[in-house]
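Novice: Using the sequences and the hints, build the whole thing.
Read top to bottom, the protein sequences are chains A and B. Going left to right, the first sequence walks through residues 1 to 195 as the numbering used here numbers them. Going left to right, the second sequence walks through residues 1 to 531 as the numbering used here numbers them.
These aren't lab readings, by the way, just hints derived from the structure by calculation. Check the hints yourself; a few may be wrong.
Distance condition first, Cα-Cα at most 35 Å in a straight line; then the derived DSBU-like pairs of lysine-lysine [claimed, not checked]:
(1) A:K161 x B:K3
(2) B:K187 x A:K2
(3) A:K161 x B:K215
(4) B:K187 x B:K215
(5) A:K170 x B:K53
(6) A:K132 x B:K187
(7) B:K531 x A:K132
(8) A:K161 x B:K524
(9) A:K164 x B:K178
(10) B:K187 x A:K3
(11) A:K164 x B:K43
(12) B:K178 x A:K3
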Amino acid sequence: MKKDIILSGVGGQGILSIATVIGYAAIDSGLFMKQAEVHGMSQRGGDVQSHLRISDREVCSDLIPFGGADMILSIEPMESLRYLPYLSSDGWVITNSTPFNNISNYPEIEDVMKEIARIKNHILIDADDIAKNIGSPMSMNMVMIGAASDYLGLDFGRLEKGIKFIFGRKGDEVVNKNLEALKTGREFTGNFLKK
Amino acid sequence: MEKMLLLGDEALAQGAIDAGLSGMYGYPGTPSTEIMEYVQRSKTAADRNIHRKWSANEKTAAESALGMSYAGKRSMCSMKHVGLNVASDCFMNSAITGANGGIIVAVADDPSMHSSQNEQDSRNYGKFALMPTLEPSNQQECYDMAFHAFGMSEKYQIPVLMRLTTRLSHSRSGVLPKQPLEQNELKLPEDKRQFVLLPAIARKRYRILLANQEKFEQESESSPFNSYHEGSDKTTGIIACGIAYNYLMENYIGTQCPYPVLKISQYPLPRNHIEKITSECDTVLVLEEGSPMVEEMLKGYLGSCLKVRGRLDGSLPRDGELNPNLVLQAVTGKDVDVLSVPQVVATRPPKFCNGCGHIDAYNALIEVMKEYGDGHVLSDIGCYTLAALPPFQAINSCVDMGASITMAKGAADAGLFPSIAVIGDSTFTHSGMTGLLDAVIENTNMVVMILDNSTTGMTGGQDSHAVDRLVSICEGLGVDKDHITRVVPLKKNHDEMVKLIRQEINYKGLSVIIPTRECMQTLKRKTKANK
Chain A
1 MKKDIILSGV GGQGILSIAT VIGYAAIDSG LFMKQAEVHG MSQRGGDVQS HLRISDREVC
61 SDLIPFGGAD MILSIEPMES LRYLPYLSSD GWVITNSTPF NNISNYPEIE DVMKEIARIK
121 NHILIDADDI AKNIGSPMSM NMVMIGAASD YLGLDFGRLE KGIKFIFGRK GDEVVNKNLE
181 ALKTGREFTG NFLKK
Chain B
1 MEKMLLLGDE ALAQGAIDAG LSGMYGYPGT PSTEIMEYVQ RSKTAADRNI HRKWSANEKT
61 AAESALGMSY AGKRSMCSMK HVGLNVASDC FMNSAITGAN GGIIVAVADD PSMHSSQNEQ
121 DSRNYGKFAL MPTLEPSNQQ ECYDMAFHAF GMSEKYQIPV LMRLTTRLSH SRSGVLPKQP
181 LEQNELKLPE DKRQFVLLPA IARKRYRILL ANQEKFEQES ESSPFNSYHE GSDKTTGIIA
241 CGIAYNYLME NYIGTQCPYP VLKISQYPLP RNHIEKITSE CDTVLVLEEG SPMVEEMLKG
301 YLGSCLKVRG RLDGSLPRDG ELNPNLVLQA VTGKDVDVLS VPQVVATRPP KFCNGCGHID
361 AYNALIEVMK EYGDGHVLSD IGCYTLAALP PFQAINSCVD MGASITMAKG AADAGLFPSI
421 AVIGDSTFTH SGMTGLLDAV IENTNMVVMI LDNSTTGMTG GQDSHAVDRL VSICEGLGVD
481 KDHITRVVPL KKNHDEMVKL IRQEINYKGL SVIIPTRECM QTLKRKTKAN K
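Specialist: Encoded structure:
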């Protein structure tokens, strides 16, 4: 078992919380893991990515090789495209569809969507909207994990356990909202692929 | 014991704590910041009463660590690669004084300059100072090497340089901890003149350092961190340093690398292994993160008869960090077909946070500088350097910590008018104060703007020594009280700031303007914590 995942987004959007939950679930499953992240300058609203590698054997490189990623999990649509050179030929792009527009030359969103549609395996999800609908806009990242959950090679229960562990000290209400976000994201993917 | 999930930086910090650390010193700098932050957060460090406060700069950090070593206890100082330039006076001489309690100089390099102004390779400093140097290849080694380094440091009375690079510093993995060691007792050096580098003593100490080189080499030859892996295809032998070893092995998962491989994680180079790989292989390929240090050593000035490949002959790029693909290409000549980035993707450079006080300070400065044209603002290193990018494009330099004030002084000396320095509060207490003193002595005709956000912002909001002290520091250095002015950088104060900057430019002498408003990030964090 090996899952190489590029997590992408914009500095400040919180891709590291995604890495923390998936990483917890991986370690809890007795798997090996390496997760390289970006600190420093780009965290000020620049593009950020994290290389998350999970395997049943020792992981060598902290970086995923080009053409080797099983998934690009992005919380911003344009950012999902920036890392395409990392994607393997049968890899998945799972991306939030809500743009984070903090630059003056952000492309027409239709053009971004067209490029995403050209990718063989893709899931496009309005995670911001889903999180708002369940009354927890802050849980957008957990909706994204849910949307990706069937492709992570991890038990869904372990992801739930990861959420409980990470949000536990914030109280039951926060935990439950995030669990609901996870579940809703997963259901969305099920329906998306039926279409 | 259970595995801990740690960044490379954190693994080193945890290793040092468990290996009996008594004092941690440092100045924030990407990618080294998390070493100190981890010690500061650590419950064990609190229980063990380990000193763990930031220092004013890397030099004071290294000196304090050396002082703790002098007193017999184990110490560590951390910094980014360019920080070692600041600390280098202490660093170079500490190789000659040697250590008493074990001391680790932990330096995190930033190849590819993700958050830095150069990509200098600190292993060269280790070689320059004749100091043993460790270069971990993974998080477990970061942890284990703390024990190894303290042990070697006390055995040979020598500080040990630990060199990390960005991808290891900021990558997390499972680390198995060891049984913790007790801290050392306070114990002064047996030779009370060991640290007195008067020429007569320094010459003696230097000869000890030179005589120890052979022993350091022997340590490298038997080091558990250097290893030789046999291979049947001897057309090429591969020397892989630090994390380059992982990039190599990434290409042989589930199979065996056919070539002999020498993994290097401890310097000086292990002569036995080097002799073996160069004698049994036709060509040697050197994989190293940073500068072609080992490659140059093997080649020598005239290139010798040995065939060496690496960054110098174009087998690998001369600059930038390595990755598994570059290594694969250097080893096998193979390239992989990959998707390209669609043209629609726009660059997304970092920028000021919404509501940042620097924005208001710069807007005022930009308005005033319209009258004088571009080229008058010498700046420095921190969040405020982002004003070099559009839409501001307001600054003309960013060189090293503190250089804004002294470069503005030099430019003013040359006749530039107006000459403006823009520096942050933490950078000012790091290395700006001494330069300001130079300007005070000559009452240089310049304006220094200290953008005070009351934190070390770019590295994530570490405590700034400058908080509530800037005015008294400037007064103490001798700046005329009437020309030290604080303002609050807010949109509503724009006209006031414009007027003030204009007025101080027209004053023929040294002025300091201090726009003060807390960083939005630290403010947010505090508000959240108080909820």
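Novice: Which of the numbered hints are not met once you compare them with the structure shown?
Specialist: 2, 3, 6, 10
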